[in-house]
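Q: Construct the complete structure from the given sequences, taking the supplied hints into account.
By the count of the working numbering, the sequence shown reaches residue 1394 at its end, each step adding exactly one.
Errors might be hidden in some of the hints.
Think about it this way: if two alpha-carbon atoms lie no more than 25 Å apart in a straight line, the pair counts; the simulated PhoX-like pairs of lysine-lysine are [what the hints assert, rightly or not]:
| id | residue 1 | residue 2 |
| --- | --- | --- |
| 1 | K730 | K803 |
| 2 | K1124 | K1159 |
| 3 | K854 | K730 |
Quick list of the computed label-pair ranges, beta carbon to beta carbon [claimed, not checked]:
| id | residue 1 | residue 2 | range |
| --- | --- | --- | --- |
| 4 | P1244 | A1362 | 41 to 49 Å |
| 5 | V764 | P1052 | 16 to 24 Å |
| 6 | A1353 | G1270 | 20 to 28 Å |
| 7 | Q673 | S1083 | 28 to 36 Å |
| 8 | A1353 | D641 | 27 to 35 Å |
Calculated directly from the structure, the hints in this document are not laboratory data.
Think of the CB as a built atom: it goes at the ideal place given N, C-alpha and C, for glycine as much as any other residue.
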Amino acid sequence: MRLRQAANAAALDHLLADLRYALRGMRRAPGFSAVAVLMLALGIGINAAIFSVFSHVLLAPLQFPDSGQLYVVSSHAPSLGDSRRDSSGPDFRDYRDQNTVFSEVAAVIPHFSEPFTPDDGPPRVLNFSAITPQFFSMLGVRPLMGRLFTADEYKTLRNSSVLISWKFWQQQYGGDPNVIGRVLRNEDVNSVIVGVMPPMPDLYPDIDVWDKSSTEPSWPFMNWRQNKFLDVIGRLKPGVSRQMAEQQLTAILRRGQGEPSDVQVRLTSLKEFVVGPVKQQLNILMAAVALVLLVTCMNTAALLLSRAVKRTPEMAVRLGLGASRTRISQQLLVEGLALSVMGGALGVALASASVGLIRQIPGLALPRVDGLRLNLAALGASFALVALTSVVFAMLPANALRDLDLSSGLRGARTETGRRQRRPFSALIVAEVACAVVLTVCAGLLLRSFVKVQSVDAGFQPSRVLTAYLRTNYFGPEGLSFWHSVIDGVGHVPGATAAAVSDCMPGSRAMGASLIFDDRPNDPAHAPSAEGCWISSDYFRVLGSSLLKGRFFTEHDNGTSPPVIMVNAAAAQRFFPNQDPLGKRIAVNYLALGSRNNRPPPLREIVGVVENVHQRALDQPAEPSIYVPYLQDDTYHVLASMNLFVRSAGGDPAALADSVRAKIQSLDPNQPVERTRAMREVVSRTLARRTYSMGLMTAFAGLALLLCALGIYGVVSYVTLQRTREFGIRMALGASREDVLRNVLAQGGTLTLAGLGIGIALALPATRALAQFLFQTAPLDPAILAASVLLLGAIGILACLLPGMRAAQLDPRVALNSE
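A: Rendered as C-alpha cells:
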C-alpha cells in the first residue's frame, strides 16, 4: 500500500512538473502558443455555437407529447399554380366532420392584433390567436394556471373569456399568481382571464392572448371556401400513415363546392411546418462550419508537426541526459493537453457569447430561438476533436525518437526530410486548400446574389419614408374621419411632406383576392387571384412609385363615387395581355379576416396602372396586385388596422417618429403606434436571413483563407528549413538564387494546385445544394469559380514567397557548415 501511495505521489509530482515545463515552454514561444490557442478557440467556439443552433432548431423534438403524430393540413392544385394553400372555414368543417384518420383536429386563426391600453402603461397592440375547442388538448398542453375554455364559452363567442401566454403574464402582470379572474380590457371589451398557458417556444411563440374561434358560417369570412387563411392541425390515429390520411382528406376536399378537380391535400409534419423555412439554410451553414473545424484541426496539426521536428535536438538532449522515452511522451502529452484546455476555455467563452448574440439578432426570425442554449454535447464533441488533434500531433516527436540518431541530434544538425517524411505536411496543405476553395466559392455565390438583390428595383423609393402600424377600435363610418385626421395631421408635422395609409406593407405578404371579370367567362373553381391592398389616394406618391398609365386615386374616389381600381404592371400583363387595361372592369372578392357582409362585390373600373412594387421581398418576383381606395370599403373592416407611411423632406425619416406618434395620440390618447421604423429597415429585414447567411459564409471563408495562408506558410517554411543543406549543395554546384526561389514556389504551388483541383470537384455538389438560395446567379458561375481559384492561387504563392526568398538568400558555405 505504501509503495502504491509513493508511486502515485511520484506520478503526481511528475505531472505537475510536466505542467510547469509546458507553461514555461509556451512562454518561451509566445507566437506559436498564441496562434495555436486562438485556432483551437475558433474551432471549438464557432462549431459549438452553430451546432447549438442546428441541434436546437432542427434536431430537438418539439415540446409536445408524441409530436411526430401532429400534422398541418394544406392543399395545392397544379391548375392554380401549384402553390401551397392554407385551409378555409368550410374546409375545416369538412375535415372535422368526415375524416376517420385524425383522433383530434383543430383550426387556428394564427395571428391578428387588438389594441390594448393597460392600467399602468402606454397603449400597445396585442398579438392574438383564435383557436377551436380541441387545439390545446390535441397538442397535449395544459394550463399553467386556471383552465381552458369550456364548451359553453364556445357557443357564445363574445362572452369575454381569454387565455394569456406565459410571456404576456410575465411582461404585463409580473407573474402575478392571482391573475386568474382579472379583467383584460381591449377593443372596448372586458375579457376575464381564465387561464395562463405554459411557454410555447415551438409554436406561435409571439402570441400574447388566446381567444376562441368559431368556424361556423355565422361569420361571413368563415363561410368563404376560397378564404384560405386557417392553420388546420390534426393528430393522426395510431396505425394511420400520412399517405392514407392524404388520400382521404383529398377526397373530402374535392367534394367541396368550387374546388378544382386536381386539388391535392398535403400533410406536413408540425416540426417541418415550424422549421422547414430554415432547414436547408442551417444544413448548409452546419456543413460550412464543419469545414472550418476541419481546416482548424489541419492547421493545428501542421503547426504542431513543424514544431515537433524543430524540437528534435531538444529531445535528443533529454535522452542523452537519461530521460526515458515514456517520460518524454508523458511530457508531450501534458503539453498537448495544456494547449487544448486553454483553447477550450477561450472557445467556451466564444461559443457562449455567439449563442447569446444569435438570440438577439433583429429580423433573423429563427424558429424556436427563444429556448436556444449552448449545446454542451456539441461543445464537448468539438473540444474532443481539437484536443485529440493537439495531443496526437504534439506527441509525434516521441514517435520519432525510435529512429533518432542521438549523436546527430546532440550536435544540433537538421534532419533532412525526404518525400516520405513530407507527405503528411503535403496532405494537410492539399486538404486545407480544398476546404478553403469550397467555402470561398459558396461565399462568393452568396455575395454575388446579395449584390444582385440589392440592385433590384423595388418599385418604390424607400430612402425617405417612415412607417408605423396602427390597430384601432374603429369599425364603422367614424373611422373615416379618424384616418382622414391622421393623414392630414401627420402629413403636416415639421419635416414631413405627405402621408398615406394602406393595409399592406411592402416586405410582407398582402391579403389574397380572387377576381371576377365582366369581359370573359368566370370559373369559380379556377378564379384568378391577386394580392390586394386598400390604399389612400397618396399612397403611391408617398412611396415614390411611378404611374405607367391612367391616373392615381383622388379623395373623390370615395363611397359615393363609382367603384374604381388600380392594377400593377404584372396584373395588366397577366390578365390583359396585348390589351389596354384602362376602362376594363373587375369585381374583387377581397378575402379578408373580419369582413362583415355577404353582398356580392361591385365591378370596379381600372383607372390606372402602376409599376410593380415588390410586395413580399426584393428577392421574390412581383406578383399581380390590385389596389382599391380604402374610402370605398363599405364593410369598414379595413379601418381597424392599417399601416402609415410618411415621406420626410430630407434626412433620416426615423427622426420624425416622435412627432408622428405625438400627433396621432393628440387625436386619440389611447391609440397605440407601433413598429415605427424607416422603410429602408423594413426592406432590409426581408433579406435578414440572406444577409446573415452571406455574412457567416463570408466570415467562414475568410477564416479558412487566413488559416490556409498560415498553414502553407508554416509548412513551406519548415520544409525549406529542413532542405537547407540541399539548397547549399545546389547553389555550390551552380544553381542561382532565382532557381532556389523557383524551386520553393514550385513546391508550394504544386500542393496548392492539387488542393484547387480537389476543391473545385468538391464545390460542384456544394453549389447545387446552395442553388435555392441564389438570386440571378448560376450555381456554377464561371466568374466566381475563376475568382476563387485565382484568389487561392495568389494566397498560395504569396505564402510560399517569403520562405522562398529566405532560402534564395542563403550563403552556400554557411548552409553547408551548419550541417
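Q: With reference to the structure, classify each hint as holding or not holding.
A: Hints versus structure:
Distance restraint check for K730 and K803: the Cα-Cα separation of roughly 23 Å lies within the 25 Å cut-off, and the hinted pair is therefore satisfied. Of the pairs offered as hints, the one joining K1124 and K1159 holds, with about 13 Å between alpha carbons and a cut-off of 25 Å not exceeded. Straight-line distance between C-alpha atoms of K854 and K730 comes to about 40 Å, which puts the hinted pair past the 25 Å bound. A hinted range of 41 to 49 Å for the beta carbons of P1244 and A1362 is inconsistent with their spacing of about 59 Å.
Roughly 20 Å separates the CB atoms of V764 and P1052, a value that falls within the hinted 16 to 24 Å. Distance hint check: the CB atoms of A1353 and G1270 are about 22 Å apart, consistent with the given range 20 to 28 Å. Take Q673 and S1083: their Cβ atoms lie about 35 Å apart, and the range 28 to 36 Å holds. Roughly 44 Å separates the CB atoms of A1353 and D641, a value that falls outside the hinted 27 to 35 Å.
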